[in-house]
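> Starting from the given sequences, assemble the full structure and let the hints guide the process.
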Amino acid sequence: MSDASYITTAQGRRIAYEKTDGQGPVVIFCSGLKSDMEGTKAVHLEAWAKARGQAYIRFDYSGHGHSSGEFAEGCIGDWHEDTLAVVDQLTEGPIVVVGSSMGGWQALLLARAIPDRIVGMVTIAAAPDFTEDGYWASFTEAQKAELQAQGFVRMPSDYDDDYIISKRLIEEGRGRLVLRTPLRMDFPVRFLQGTEDTAVPTETAVRLLDHAEGDDIRLTLVKGADHRFSDPDCLTLIEKSVEKVLARAKA
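Start counting the sequence shown at 257; every next residue gets the next number (our numbering).
None of these hints come from the bench; they were simulated from the model.
One or more of the hints may lead you astray.
The list that follows gives simulated cross-link-like pairs (lysine-lysine, DSS-like), each with its CA atoms no further than 30 angstroms apart [to be verified]: (1) 306 / 496; (2) 506 / 496; (3) 479 / 496; (4) 290 / 506; (5) 290 / 500; (6) 275 / 290; (7) 400 / 290; (8) 506 / 306; (9) 500 / 306; (10) 500 / 479; (11) 290 / 496; (12) 500 / 275; (13) 479 / 275; (14) 306 / 290; (15) 306 / 275.
Quick list of the computed label-pair ranges, beta carbon to beta carbon [what the hints assert, rightly or not]: (16) 504 / 348: 15 to 23 angstroms; (17) 407 / 303: 37 to 45 angstroms; (18) 266 / 371: 14 to 22 angstroms; (19) 406 / 372: 41 to 49 angstroms; (20) 279 / 396: 45 to 53 angstroms; (21) 452 / 389: 17 to 25 angstroms; (22) 267 / 348: 21 to 29 angstroms; (23) 348 / 398: 23 to 31 angstroms; (24) 350 / 420: 31 to 39 angstroms; (25) 499 / 465: 17 to 25 angstroms.
Even glycine gets a Cβ: it sits at the ideal position worked out from N, Cα and C.
Structure (structure tokens):
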């Protein structure tokens with residue numbers, strides 16, 4: 257990768273980022289769990305932003321990519337603080353948030369934390385509350401006992417090495433759940449979801465659509481697309497969705 261720039265959060269974490277200057281609103285890409293700013297979607301959107309002169313930021317949460325820290329020591333709240341630091345230190349005025357998988361949860365947390373700054377949102381296979389509804393709900397009694405005894409369990413992944421799921425990730429995540437209390441989004445929102453996603457089921461996308469409150473919220477299902485959502489047609493759909501949100505925001 258090119259030489260990244262860095263900011264330091266209030267908690268002392270060093271966060272790597274790449275920023276493209278251009279017209280606002282600034283588009284901010286939030287990556288998924290154990291993904292980073294060198295992922296296909298993050299880099300593709302940077303090229304799209306440069307081509308249209310759009311301000312754009314991609315970054316690595318702590319414990320991811322080129323940022324400081326260890327993944328196994330992080331949690332949803334840490335990564336939310338990292339995301340807020342990126343917004344606070346690198347942007348002014350309105351922003352559009354694009355969140356992939358766990359980054360979709362981070363986007364929804366931003367909608368609660370700084371609703372007045374957000375003028376549009378696109379999520380891709382958003383995974384809100386996955387620590388509780390995905391991991392904890394699927395753990396066997398043996399895994400729950402293992403989590404309590406040693407502080408973590410290993411979970412296989414179809415897309416990466418095994419995940420080390422810590423007790424802190426599960427317990428801290430319970431304070432960040434967004435599907436249990438009202439979720440108001442008074443800006444254009446586009447949820448994108450593949451029907452062959454084995455990491456985030458279609459039911460999660462429908463539940464999110466039903467739960468979210470707002471006048472301009474739509475869900476698009478792509479038959480046959482998996483969790484990566486990175487083939488040429490999916491990447492084009494992401495572009496067009498961000499463009500639609502930007503156009504509606506400016507209108």
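> Would you list, in rising numerical order, the hints stated earlier that this structure does not obey?
4, 13 and 23
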